[in-house]
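Enquirer: Between the sequences and the hints, there should be enough to build the whole structure, so can you do that?
Below are the chains, spelled out letter by letter.
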Amino acid sequence: MKKIKSKQYIVMAATFVILALVPIFINNNYYITILNQMVINMLVVFGLNFITGLTGQMNLGTAGIYALGAYTSALLSRNFGISPWLTMIAAVFVGFLIGRGLGYPSLKMRGVYLSLTTLAFSEIVRIFATNLVSITGGTQGVKNIPRFAVGFIQLDSNVKYFYFVLIVTIVLCLLSIKITHSKWGREFRAVKDNVDAIESLGLDIKKIKIRAFTIAAMYGALGGALYAHFNQFITSTSFTTDLSISYVIMLMIGGIGNIFGNIIGAIVITLLPELLRFLGDYYQITYCILVLLCAVFLPNGLISLYGKARHLYEKKSAVKGGE
Amino acid sequence: MGNEEIVLEVKNLIKKFDGLVAVNDLSFKVKKGRIHALIGPNGAGKTTTVNMITGTDPQNEGDILFCGKSILKLPVYSRAKLGIGRTFQNIKLFSSMTVLENLMIGAQCNTNQHILTYLVNLKKAKAEEELLKEKAEVILDFIGMYRYKDEIVSNLAYGRQKMTELGRTLMMDPKLILLDEPAAGLNPSERKTFIDIIWKVFEQDIDIFLIEHNMDVVMNLSHDITVLNFGCKIAEGGSKEIQNNEEVITAYLGEGYRKKMMEKEAGANA
Numbered sequence: 000m001k002k003i004k005s006k007q008y009i010v011m012a013a014t015f016v017i018l019a020l021v022p023i024f025i026n027n028n029y030y031i032t033i034l035n036q037m038v039i040n041m042l043v044v045f046g047l048n049f050i051t052g053l054t055g056q057m058n059l060g061t062a063g064i065y066a067l068g069a070y071t072s073a074l075l076s077r078n079f080g081i082s083p084w085l086t087m088i089a090a091v092f093v094g095f096l097i098g099r100g101l102g103y104p105s106l107k108m109r110g111v112y113l114s115l116t117t118l119a120f121s122e123i124v125r126i127f128a129t130n131l132v133s134i135t136g137g138t139q140g141v142k143n144i145p146r147f148a149v150g151f152i153q154l155d156s157n158v159k160y161f162y163f164v165l166i167v168t169i170v171l172c173l174l175s176i177k178i179t180h181s182k183w184g185r186e187f188r189a190v191k192d193n194v195d196a197i198e199s200l201g202l203d204i205k206k207i208k209i210r211a212f213t214i215a216a217m218y219g220a221l222g223g224a225l226y227a228h229f230n231q232f233i234t235s236t237s238f239t240t241d242l243s244i245s246y247v248i249m250l251m252i253g254g255i256g257n258i259f260g261n262i263i264g265a266i267v268i269t270l271l272p273e274l275l276r277f278l279g280d281y282y283q284i285t286y287c288i289l290v291l292l293c294a295v296f297l298p299n300g301l302i303s304l305y306g307k308a309r310h311l312y313e314k315k316s317a318v319k320g321g322e
Numbered sequence: 000m001g002n003e004e005i006v007l008e009v010k011n012l013i014k015k016f017d018g019l020v021a022v023n024d025l026s027f028k029v030k031k032g033r034i035h036a037l038i039g040p041n042g043a044g045k046t047t048t049v050n051m052i053t054g055t056d057p058q059n060e061g062d063i064l065f066c067g068k069s070i071l072k073l074p075v076y077s078r079a080k081l082g083i084g085r086t087f088q089n090i091k092l093f094s095s096m097t098v099l100e101n102l103m104i105g106a107q108c109n110t111n112q113h114i115l116t117y118l119v120n121l122k123k124a125k126a127e128e129e130l131l132k133e134k135a136e137v138i139l140d141f142i143g144m145y146r147y148k149d150e151i152v153s154n155l156a157y158g159r160q161k162m163t164e165l166g167r168t169l170m171m172d173p174k175l176i177l178l179d180e181p182a183a184g185l186n187p188s189e190r191k192t193f194i195d196i197i198w199k200v201f202e203q204d205i206d207i208f209l210i211e212h213n214m215d216v217v218m219n220l221s222h223d224i225t226v227l228n229f230g231c232k233i234a235e236g237g238s239k240e241i242q243n244n245e246e247v248i249t250a251y252l253g254e255g256y257r258k259k260m261m262e263k264e265a266g267a268n269a
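Chains as they are written, first to last, in numbering that gives the first Met the number 0: chain R, 0 to 322; chain G, 0 to 269.
Treat the hints as calculated values from the structure; they're not laboratory data.
Heads up, simulated DSS-like pairs for lysine-lysine below, C-alpha to C-alpha not over 25 Å straight-line:
#1 Lys191/R / Lys132/G
#2 Lys107/R / Lys72/G
#3 Lys191/R / Lys80/G
#4 Lys177/R / Lys122/G
#5 Lys80/G / Lys205/R
#6 Lys182/R / Lys122/G
#7 Lys125/G / Lys177/R
#8 Lys239/G / Lys31/G
#9 Lys191/R / Lys91/G
Expert: If you want it as structure tokens, here you go:
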């Protein structure tokens with residue numbers, strides 16, 4: 000067990016190194032944009048992994064959380080000239096408040112109610128963002144969101160911004176690993192495994208769920224804020240339910256509950272539209288079929304391929320040894 | 000109250016499921032330092048009673064006192080935290096985790112390090128984890144499961160899973176353990192081990208309340224017995240008294256003990 004895990008960490012580190020090397024070989028600004036988006040997605044999926052992956056509660060409100068994080072940081076920094084560093088912290092705090100505020104009523108109930116409330120929440124945020132034109136600019140969006148500097152380095156180019164986001168993501172990845180292996184992580188997994196047993200052990204299941212949800216919301220809001228400062232323009236039309244669902248798909252495709260799986264999922268789902276672009280009109284249906292096939296044949300995500308391959312290999316070598 | 004100290008008192012409990020009365024006006028006392036058994040045929044309301052005591056199934060009427068205080072208004076986890084541990088009729092373990100992890104979760108309600116400690120003060124966090132681990136290992140040793148500590152629970156045999164569940168409950172430092180059919184599904188040798196372990200647990204000053212079908216287990220283990228039939232208490236007393244109680248024989252004991260009598264009664268009823 001332990002061997003597999005440390006191997007996974009090595010592969011994980013290698014993936015980050017490869018990602019860091021990409022901008023050296025590719026100068027195309029469009030691809031750098033995708034790369035930024037990919038790493039931001041990764042960060043959001045790390046968060047979603049806590050509530051949906053480990054704790055097993057379907058959260059369909061990521062877009063709303065992401066949007067609130069983006070608007071908080073964008074509006075505070077642009078309208079009031081506050082340093083984006085502070086506004087990003089404010090965004091994370093908003094995430095915390097969403098986690099507590101939305102988590103409390105919805106997580107008291109069992110089953111699909113969380114999914115439904117989060118879905119509704121996300122839509123409410125989008126509708127408000129669309130209609131509060133005087134504040135959010137509606138579908139015209141918020142323009143001229145400032146970039147910021149890390150020490151002496153102005154993050155004026157997309158490549159520089161990419162490195163910043165990558166570092167943030169790596170830090171949050173380590174944090175995720177830490178939390179997953181703490182007593183909290185154990186409680187999260189326990190909720191997914193057996194709901195009834197938890198309470199009989201003196202643990203408050205609501206509290207555990209709210210914790211997981213709050214962490215997810217904080218990650219999501221930070222992701223939104225990073226996106227806002229990267230894109231320098233946000234509009235309510237990008238925060239649809241589609242976005243929430245694509246985060247769930249990333250989580251599912253990569254491997255639910257597994258941090259390395261989250262990384263793979265974010266990479267694959269962010270790149271897939273680009274790779275399938277040549278299909279033109281048939282892109283959407285191909286994408287959906289691929290996702291469906293994955294859901295049916297790889298319910299534990301792409302990460303489970305490794306285990307399956309190993310299993311096959313061991314079987315083969317066992318047969319050989321037998322002969 | 001001297002040596003007649005009462006750990007758990009159930010007063011006039013009534014539980015209805017849509018008009019069907021599952022438990023009707025049930026009262027009994029679990030005394031300190033005695034193993035109390037609740038027996039009765041299928042559907043007598045035994046598990047419902049345990050669920051009412053732990054709080055998973057709120058009662059319609061009546062009161063439950065634990066160490067002299069009413070626990071009616073407390074949620075499930077608070078009751079557990081007070082010291083009421085339980086095992087389930089059909090094992091409820093965290094099946095994707097190892098035996099050790101399962102046990103560690105058992106004691107987590109009593110840990111108090113904040114998560115930030117886990118992120119900032121690694122030393123303190125590590126100390127707490129070590130403490131949990133050590134405790135789990137001691138208990139695994141106590142129940143004879145130490146060798147299996149790194150096994151994934153779902154790979155274990157049924158009897159060992161049951162043992163793991165008991166171990167997990169012990170991790171909470173309970174004052175009282177409610178065992179819901181501990182011997183069900185165990186083979187005779189496993190059953191014997193289980194009975195021995197329960198005695199060992201009892202010697203640690205933990206009171207035991209058990210629901211059981213297997214009369215051997217009940218007669219071997221319990222000091223006091225309450226017999227339930229169709230939700231009503233029909234008898235109470237020591238094992239000798241119960242064995243000779245006519246009503247109990249009619250309703251329940253007959254099965255294994257006096258088959259002929261049972262058949263006669265059934266014939267008479269028909």
